[in-house]
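Novice: First to last, the protein sequences are chains D and X.
For the first sequence, our numbering gives the first residue as 1, with consecutive numbering after it.
For the second sequence, our numbering gives the first residue as 1001, with consecutive numbering after it.
By construction, these hints were calculated from the structure, which means they are not laboratory data.
This list has only true hints and no planted wrong ones.
Pair ranges (Cβ atoms, derived):
1. D:K103 with X:R1144: 49 to 59 Å
2. D:G82 with X:L1029: 40 to 50 Å
3. D:P220 with X:W1114: 47 to 57 Å
Chain D regions said to be covered by chain X (calculated; three or more residues, Cβ under 8 Å):
4. 84-98
5. 114-126
6. 130-139
7. 146-154
8. 192-201
Cβ coordinates follow ideal geometry from the N, Cα and C atoms, glycine included.
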Amino acid sequence: MVNRETPDLMEADATRSLRTPVIVLTRGVETEALSNVGEADDPQTVFSVRGLDVHYGPTIAVAGIDLDIPARQITALIGPSGCGKSTFLRCFNRTNDLIPGAKVSGSVLYHGLDLYGPQIDPVEVRRRIGMVFQKPNPFPKSIYDNVAFGPRVNGQRKGLDEVVEHALTRAALWDEVKDKLKKSGLALSGGQQQRLCIARALAVNPDVVLMDEPCSALDPIATSRIEDLMVELKRDYTIVIVTHNMQQAARVSDGTAFFTAEVRDSGDRVGVLVEYDQTETIFTAPSDSRTEGYITGRFG
Amino acid sequence: MSLLAPDVDSVVRLPQQSVRRRVSDRAFLIVLVISFGLALAGLVALLWYVFDTGLPAFGPRLWRRFPSLNPAISGARSAVFGTLWVLAVTASLAVPIGIGAAVYLEEFAPADKWYTRWIALNIQNLAGVPSIVYGIFGLAFIARGPIDLGPVVLTGGIILALLVLPIVIIASREAIRAVPESIRHGSFALGATRLQTVRRQVLPAAVPGIATGVILALSRAIGEAAPLIMIGAFTYVPFNPTGLDSKFTVLPIQIFDWIGRPQEGFTQLAAAACILLLAILLAMNAIAIWLRNRYQQRW
Ligand SMILES: Nc1ncnc2c1ncn2[C@@H]1O[C@H](COP(=O)(O)OP(=O)(O)O)[C@@H](O)[C@H]1O
Ligand SMILES: [Mg+2]
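Hey, can you work out the whole structure from these sequences and the hints?
Specialist: Next comes the structure, spelled out in structure tokens:
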């Protein structure tokens, strides 16, 4: 367990706070704009994970993860099934909190702020850090209401039309749906549904978008549209993507983290981070033989 | 069994097995058809009796005229209105409480705790308790006893609400559970709170199922006589209810009363009132089916 106490706000470096976005993730607590504290010295680092363990009930799922996620880049998480990629990804927007029995320990700093600190409101965290799921999950509502849902639950009442148009445009879906915004989101094709889910996530104007195998349920054409979209979006958003598809990781990501499941002496399978590097390095000259084995095996 | 290399033995034995199986399939089908035929015959006989006896007496006077000692001029106006009053009370109690309880059990109660399971189990049990038991309870605690409301509309409504509450809760829970977890996760991931998620995603998506359950529960309530007779509802009420504290009667009680009288005319009236009750039930079920087909969500 690391760094549980509230960071001392007064010590925040004044010059640094000018460069970093203002973050308020607390609710009902008077706080100054929280800025860089602790280890995230580099303003280009969005998440800084140290000594992260996740348990489901008594069993440990991932252990001892140390990883920095750089801003405005696509970071890919790869590795065999069941090694804890999704579990790890859920730590970034505190959706593990919603799973009964799940427990996260260690530290996840978000722009230097402890995401699991006592004053943090998980609901606010999820608003800033959006998520796109493996299976497209549009709400059983109109396309418009799907996109407007996020702004609405965050209290926005006016200007929704603009927000919806902008988000759908960013998600490269506007031209296809602009004449049928009142139609159900479930009536779209799989690829369109997934772009709708991305638009929905963008509509709350997040800082980070997490994607858990966003293309695994899609055909190759829809997949390539989503990949183009990710590359386009990374100018404004930090993207973390879990993928099973090596080619996809190689095509879109800037950095790649390789996870695997280690068998402990006790017989438990525990997810660990093997290595993180620039994507090119991971795919051409990985430093760990397990990475190499996995990648060559996967590429055949 | 491999499709590529079937072993000769099994190919040779295949026809024999399938003959035996075809015979037992046939026998099973015949049993099913007979059971179905018996059930249908019973229903048809019942309906035929009711319509044959009741149709001559069926007419607007059933809901225009009050009951009288002369079957020729008697109607069931007070019972029709009593039924509507009691049903309104039942619905306005059972629907919000039932949905609230279902939402709590599905979305908020800790699923792994013994007391949650205990409550859920007991709701299942309550759904199987004979209605007369609710009548005894109502008599002892609501009509008389500590609450002492008397045999009035409110008492009848409360008793029937208690009676159908388990049905509403169970149907609503099922409808809520049928909303996929991915919808909740999608909602949470956009920064919605649990309450917002329930109010704006889960409940709207569950409305068709809940509405269907509510209507079926109310159709159960509309046919109940026993618990209302138990609390002392009257059989002869020559006036409409004017409020929650009015004395009342309902259609099943009116039917029960008429059927016990010796005059032929009352037997016909009882059958005619049955037709009316059946028509109301059929209409309610039709609404339930329409709602289900119209709004049912295919995920
Ligand atoms: N909700 C959960 N409850 C209990 N165990 C879980 C849950 N989700 C994942 N796990 C376990 O955690 C481990 C990692 O799973 P996951 O994060 O889904 O891996 P990946 O996404 O890499 O396939 C697996 O052993 C899995 O069984
Ligand atoms: Mg996964």
